[in-house]
Amino acid sequence: MSFCLDTYLQESENYEILISKAGFKESKKFIEDHAPQVVYVDAGAKILGVRIIGIPPVPIGINEDKDTVTLSYTKPCYGTAVIELPVKKEEIKNIRSLAINPYKK
Amino acid sequence: MKKALILLGCPEAPAQTPMAVYATYKLTGLGYEVTVASTPSAMKLLEVTDPLKYYIKNKIDIETCLNNLVENSFDFLLGFVHKDAAVSYFVTFYHILNIKSSMAVVFERDAELLKKFIEDLNESTETTIVSARAYHNPTPLKVKFDRAIKQLGE
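Here the protein sequences come in this chain order: V and H.
Take any residue in the first sequence, note its place counting from 1, add 9, and you have its number in our numbering.
Take any residue in the second sequence, note its place counting from 1, add 2, and you have its number in our numbering.
No lab work stands behind these hints, which were simulated from the structure alone.
Check before you lean on any hint, since a few could be wrong.
[Said to hold, decoys possible] Below, simulated PhoX-like cross-link-like pairs (lysine-lysine); rule was C-alpha separation at most 20 Å, straight line:
(1) 28/H / 61/H
(2) 152/H / 4/H
(3) 34/V / 117/H
(4) 5/H / 28/H
(5) 118/H / 30/V
(6) 46/H / 84/V
(7) 55/V / 97/V
(8) 55/V / 98/V
(9) 84/V / 61/H
(10) 46/H / 59/H
(11) 46/H / 102/H
(12) 38/V / 4/H
(13) 5/H / 84/V
(14) 146/H / 28/H
(15) 118/H / 34/V
(16) 5/H / 102/H
Pulled out of the complex, with its shape left as it was, chain H reads as follows (with noise of 0.2 Å):
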């Protein structure tokens, strides 16, 4: 079975707790196993979100992920980034998994710092990045995320 790891950043933009759970019902439906590593109060938000744990089967502590982190050990490494250390984890990630296949799904209100980050992950990575000004709603977030996911489903 393929397995996919999501990368939460802090936990603070509203937008980015339901477009985990969705990314992951999304990602089970294309037959990845799905893994959502995050900090210990992003990984609350989705206990409280999915108590059953009907859509998020595996979570784990980003920390402890990353130092246990070894090449090829993920088919698609997805993360969300809405600040720069999100930027820094990402890259991070992909390099020690020397993953072929990615996706960074960007999120700002400041166009400038969405820009910016844009800039900072294609300088350094070459994965498919879906970006949209937002903070509270995910929608537009969804509507680019929905079209790229169809591309990787294909």
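If we strip away everything but chain V, and leave its shape as in the complex, we get (with noise of 0.2 Å):
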């Protein structure tokens, strides 16, 4: 059964919330100042099985050490919360398919 962030999010506890009821473009600048690595995808792509919201380019941060990604997790009352989870490497390959543009560190 395919990854889904919003199952995940539901029924584990395994992941941190590193800024909540945000702006996204707040939310952007601190997956840049985080995350080891960043990659951009399109608005709208699907990333660990949902739909990711935002301006494009949306940033996905990923820290292969650590084998977690951080991304911006928006709902339409609550505004833009970062978020840090575990993912397996295969995820991290998915995400790297659909980036728009190279490493941008």
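Please assemble the complex out of the two chains, which come individually in their own frames, going by the hints.
What follows is the structure, encoded as structure tokens:
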């Protein structure tokens, strides 16, 4: 069964909310500052089973040492949060395949 | 038949629900089949406002709509933007649809936030923007919306 971020966030506690109730641009800068590597995807790209919301290019932080990704998570009434969660190497590979440009760092 | 999608934001701003009903009425008059995408609570507001579905015939949960959205599936996108998250949602729908004809109705009490939302939309879309400092009273938005929608119909 493929990974679904919404289900994971409901059923697991193994993730970290780094900031919450933020704006998208604030979240974007946070991811760029926080993650060792950043790839950028189109708004609406399917990341971890859900369509990512944002103003393109939308950053996804990758930490290969920890096997985690850091991404923005937006809901209409709650603004944007930045979450970091562990994923399989295969999911990181999937995210890289959606990148619209090479790593920023 | 042309298809229009109305995208609602968080329903905490009172001006949104009456403007959504009004916009559906106006777009239907222009020959569009209108679908309204919203959060469950915004949908409840619409259902109580229009119990006989006189104006709003088609409603869909915003997340379901997003997950199933494909390019060119609508001819016109109208979004209500009064929060940062609503900017992100509108821009995301705009890009997935690759839409040629769209309008963002931007409203906020705070002039600085209003300006920021407009700038963010202008940076990432070529949408028509209708904006006003508004929160409770829909009239300033309605006046500007009427002017913009008239141009759409010409």
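Each hint, compared with the structure:
With a C-alpha separation of about 17 Å, the suggested pairing of residue 28/H with residue 61/H holds against the 20 Å cut-off. A C-alpha spacing of about 17 Å is found between residue 152/H and residue 4/H, which places the hinted pair at or below 20 Å, so the restraint holds. Restraint check for residue 34/V and residue 117/H: the C-alpha separation of about 15 Å stays at or below 20 Å, so the hint holds. Simply put, residue 5/H and residue 28/H have alpha-carbon atoms about 13 Å apart, close enough for the 20 Å limit, and the pair holds.
A distance of roughly 17 Å separates the Cα atoms of residue 118/H and residue 30/V; the hinted pair therefore holds under the 20 Å criterion. A hinted pair counts as satisfied when its Cα atoms are at most 20 Å apart, and residue 46/H with residue 84/V qualifies at roughly 18 Å. Between residue 55/V and residue 97/V the alpha-carbon distance is near 16 Å, which keeps this suggested pair within the 20 Å criterion. A hinted pair counts as satisfied when its Cα atoms are at most 20 Å apart, and residue 55/V with residue 98/V qualifies at roughly 17 Å.
Note on residue 84/V and residue 61/H: the hinted pairing holds, with a Cα-Cα distance of about 19 Å set against a maximum of 20 Å. With a CA separation close to 14 Å, the supplied pair residue 46/H and residue 59/H stays within the 20 Å bound. Restraint check: the Cα-Cα separation between residue 46/H and residue 102/H comes to about 30 Å, which exceeds 20 Å; the hinted pair is violated. With a C-alpha separation of about 39 Å, the suggested pairing of residue 38/V with residue 4/H is violated against the 20 Å cut-off.
Of the pairs offered as hints, the one joining residue 5/H and residue 84/V is violated, with about 25 Å between alpha carbons and a cut-off of 20 Å exceeded. At roughly 13 Å between alpha-carbon atoms, residue 146/H and residue 28/H fall within 20 Å of each other, so this suggested pair holds. Of the pairs offered as hints, the one joining residue 118/H and residue 34/V holds, with about 11 Å between alpha carbons and a cut-off of 20 Å not exceeded. Distance check on the hinted pair: residue 5/H and residue 102/H sit about 13 Å apart at the alpha-carbon level, within 20 Å; holds.
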